[in-house]
Each structure stands twice: as structure tokens, then as C-alpha cells.
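Colleague: Take the given structure of chain A and dock chain B to it, following the hints.
If you read the sequences in order, they're chains A and B.
For the first sequence, the positions run 1 to 207 when this note's numbering is used.
For the second sequence, the positions run 1 to 207 when this note's numbering is used.
Worth flagging that the hints you see were computed from the coordinates, not collected in a lab.
Heads up, a few of these hints could be off.
Just so you know, same-sequence chains aren't split out, so a pair can sit in one copy or run between any two.
Stated by the list, open to error - Straight-line C-alpha distance at most 30 Å; calculated BS3-like pairs for lysine-lysine:
#, residue 1, residue 2
1, Lys23, Lys117
2, Lys121, Lys138
3, Lys124, Lys27
4, Lys124, Lys50
5, Lys110, Lys93
6, Lys117, Lys27
7, Lys27, Lys93
8, Lys50, Lys82
9, Lys120, Lys76
10, Lys121, Lys93
11, Lys82, Lys143
12, Lys27, Lys161
13, Lys50, Lys23
14, Lys161, Lys23
15, Lys76, Lys27
16, Lys143, Lys50
17, Lys120, Lys161
18, Lys93, Lys120
19, Lys124, Lys102
20, Lys23, Lys124
21, Lys76, Lys117
22, Lys85, Lys124
Number of protein chains: 2
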Amino acid sequence: MKRKRIPQTTIARLPLYLRYLLKLARKGLRIISSYELAEHVGTNAAQLRKDLSYLGEFGTRGVGYDVAELIRQISKCLGLTKEWKIAIVGMGKLGPALLGYKGFEQEGFKIVAIFDKNPKKIGKKMGNLVVSDVTNLKEVIEKVGGVDIGIITTPASVAQKVANQLIDAGVRAILNFAPVTLGVPSNVVLRQVDLTTELQILSFHLT
Amino acid sequence: MKRKRIPQTTIARLPLYLRYLLKLARKGLRIISSYELAEHVGTNAAQLRKDLSYLGEFGTRGVGYDVAELIRQISKCLGLTKEWKIAIVGMGKLGPALLGYKGFEQEGFKIVAIFDKNPKKIGKKMGNLVVSDVTNLKEVIEKVGGVDIGIITTPASVAQKVANQLIDAGVRAILNFAPVTLGVPSNVVLRQVDLTTELQILSFHLT
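Pulled out of the complex, with its shape left as it was, chain A reads as follows:
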């Protein structure tokens, strides 16, 4: 599998295919047509076949895809066969909401450390974790044996500093919710979820 050549848009659709396939598997379905699978993620059968072609050869025309095999291949491609360790920095409103989100652990993402700079929050228990002082971020991350993904839910003003600390602690993937564009070195992957921007894009379409 030549991973480098998979387009970003395909990568973004793979989790959506997977989610629907898992739903089918839970219902006991074993075969799905490209048409049905494509429709459920809002694409078309030709695009689906192209997306899956990056993973190898699947499906028989007129027969459909083997659900279990497709789940296995997509999971492997997305790196979901191992557990990823996550740290959340910023225990304001969004941080605890993400900490309580059951979907993450179900999908193999385990939150192992949470941070804040507020002395009133440091040492407080949230879920199964205790809030650590962000000043000690590197030490805490080392103590838990490293973290794969850092989630930033701080105010915009400190987000870049936190990103730098995470990178310094060996974190190679960041999901940023702070409303600011972060700079990261090329060996770090960054995704941005900007809630106000999402609303502004909607308001453009409403105008």
C-alpha cells in the first residue's frame, strides 16, 4: 500500500465508510453494495470504488463488498488496530465535554492525561483522571509513557504555547479547538476544529 498517495479527501471519507460498516456488522449484515455504502456517506459508487482502490482490491462487481473484510482493511489503513493515547489541555467547558465523550474510547482513543493552568482545577478529579498542572506537561506525559495525540481546548491566546509544549513532549498529532491558526513543524499533523468558523460558513450560505 503506497500510503503517501492516498488523497486527503479519501482519508476523510474512510472513517465515514467505517462507521457505517460497523453499524451493518452489528446488525449481522455480511455483504454491502458499493451503491448503498456510498449513499450512506454522501458520495457516489464510482468515488467509493476509487477510494477503496487505494486499500487494495475488494468486492466483486454485482456481488458487493464483504463487510468484515472492509472493516479490517479500513481499520488497518487508519491505524485503528492499536490504541492511541490522548492528552487534553484546557479543562474549561469543552475539555470536560470531550473527556466525557464515550465515542472516543469505543474507537480506540484513550484519554490518559488532562491539563489546566487554573490552580482551582489542578488536582481535581474529572472522570477517572486528575487534572495536572500544564506547567508540568512534559513530565506528566513522560510519566504516562507518552501521548500520541494532543487536544487543545484552551483560549486562543495560549494555544500556540501549549502546542509547542505538546510537541516538545513528543506529541506528533494535534487536534486544535482554540480559534487561532497554529504553526507546527512539518513532522507534526494538525487538524483544526473551529466552531465559530463553522457557523460563519453556514451564515454565508444563509445570506
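Modeller: Using the frame of chain A, we list chain B on its own:
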């Protein structure tokens, strides 16, 4: 301005330009170069000039852009000169976190109604609002004089039903956080924020 012809990728960048321009304006800066503005949103000067060309003619080569004028034009294009009314459906963990997010109101997005189906939550005060029964969604939305944008923070299993209710109540834009692909008619704009998918895209890049 031929609005229809503005590419999606440009629309997605306009809020990022705006955010940085507002920051500059607060600092009292009046002029910005295309290079600096582009760099701060992670694009290049040529793309920036192309993006802004959809809004009309701006800037003088070698002089830069007038910050105030650019703020005015981007805000107008994004429909940010009016206040948009928002309803949030699903007061689990994420709903209250969004309700408490100060960034929305600052940008002209006002949450006017919140819903849940849990009898323990209905009637409870959260922020300045009281949780309404989702069964009465249409009536409540009519009572507040209509809603522009609906935010769905329910479990996946009921998200489509909630989307249908919102659309039936006249809502024309939906921001969906439930991990499921929704179907909406072509006159409704839908944006999806899928937290697990974001992590899976990161895990792909880490693999």
C-alpha cells in the same frame, strides 16, 4: 458580487482572514500586507489575492490592504452584519459546553433555545435559557420568532429525526455534531463536525 461562484475553499478561509484582521484592528493596525495576512491563515499571498478578488477590488500593490475595509467586506460577504439565532438540541455534555462558549455571541451568533428529551433536564435553567422539551421544538422555535441555525448534539440514533424536526420548524442551516451522516433537502445547508473522524484522520497520519 456573484455569490454562487465563490469556491467552498475560499468561503472556509474567509472566517480565518476575518479573525486575524479583527485581532489587528484591536491592536490599532490599519494596513496589512497580503503576505502577512496569508501567512497567518496558512495560505500564500497569491491565494489570498484570489480569495479576496471574489469580494471585489481591494488593496494596492506595494501598499497592502486597509484592515477596516477588509473587515467590512468579509463580514458582509459572510452575512455577519446581522445577528443569527441558534437552537441547540441535545443538552448532554457537548450542548452545555457550546452554550457556554463565549465566542459565539461575540461573533453575532445568539443561542435562543435549547432542547433535550430527558424529563430531568426539561425545565432546568442553563445559562440564561431554560431547557425545552424537544417534542415541542417547532412551537418553541415559533415562539422565539424563528431560528436560523440548528446545532445537533444528540446521540447519533436520533440525530436524523431532530434534523427533520428542525427543518420542519423552518431552520435552513444545521451544524451536526452527532456521529452520523444526515440527509437534508437541497435548500438546507449542513455542516458536520465529527470528533472521532478527526481523531481517525490524525491516527492515519501517525500510522
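Colleague: With reference to the structure, classify each hint as holding or not holding.
Modeller: Results of checking the hints against the structure:
no., hint, verdict
1, Lys23 x Lys117, "between (40 Å within a copy, 24 Å between copies)"
2, Lys121 x Lys138, "within (18 Å within a copy, 40 Å between copies)"
3, Lys124 x Lys27, "neither (41 Å within a copy, 37 Å between copies)"
4, Lys124 x Lys50, "neither (49 Å within a copy, 49 Å between copies)"
5, Lys110 x Lys93, "both (19 Å within a copy, 18 Å between copies)"
6, Lys117 x Lys27, "between (45 Å within a copy, 26 Å between copies)"
7, Lys27 x Lys93, "between (36 Å within a copy, 28 Å between copies)"
8, Lys50 x Lys82, "within (26 Å within a copy, 43 Å between copies)"
9, Lys120 x Lys76, "neither (42 Å within a copy, 42 Å between copies)"
10, Lys121 x Lys93, "both (12 Å within a copy, 18 Å between copies)"
11, Lys82 x Lys143, "within (20 Å within a copy, 50 Å between copies)"
12, Lys27 x Lys161, "between (46 Å within a copy, 20 Å between copies)"
13, Lys50 x Lys23, "within (22 Å within a copy, 43 Å between copies)"
14, Lys161 x Lys23, "between (40 Å within a copy, 18 Å between copies)"
15, Lys76 x Lys27, "within (22 Å within a copy, 48 Å between copies)"
16, Lys143 x Lys50, "neither (43 Å within a copy, 48 Å between copies)"
17, Lys120 x Lys161, "within (21 Å within a copy, 41 Å between copies)"
18, Lys93 x Lys120, "both (14 Å within a copy, 21 Å between copies)"
19, Lys124 x Lys102, "both (21 Å within a copy, 24 Å between copies)"
20, Lys23 x Lys124, "neither (37 Å within a copy, 34 Å between copies)"
21, Lys76 x Lys117, "neither (37 Å within a copy, 38 Å between copies)"
22, Lys85 x Lys124, "within (21 Å within a copy, 36 Å between copies)"
Checked against the numbered hints above, the structure breaks hints 3, 4, 9, 16, 20, 21 and satisfies the rest.
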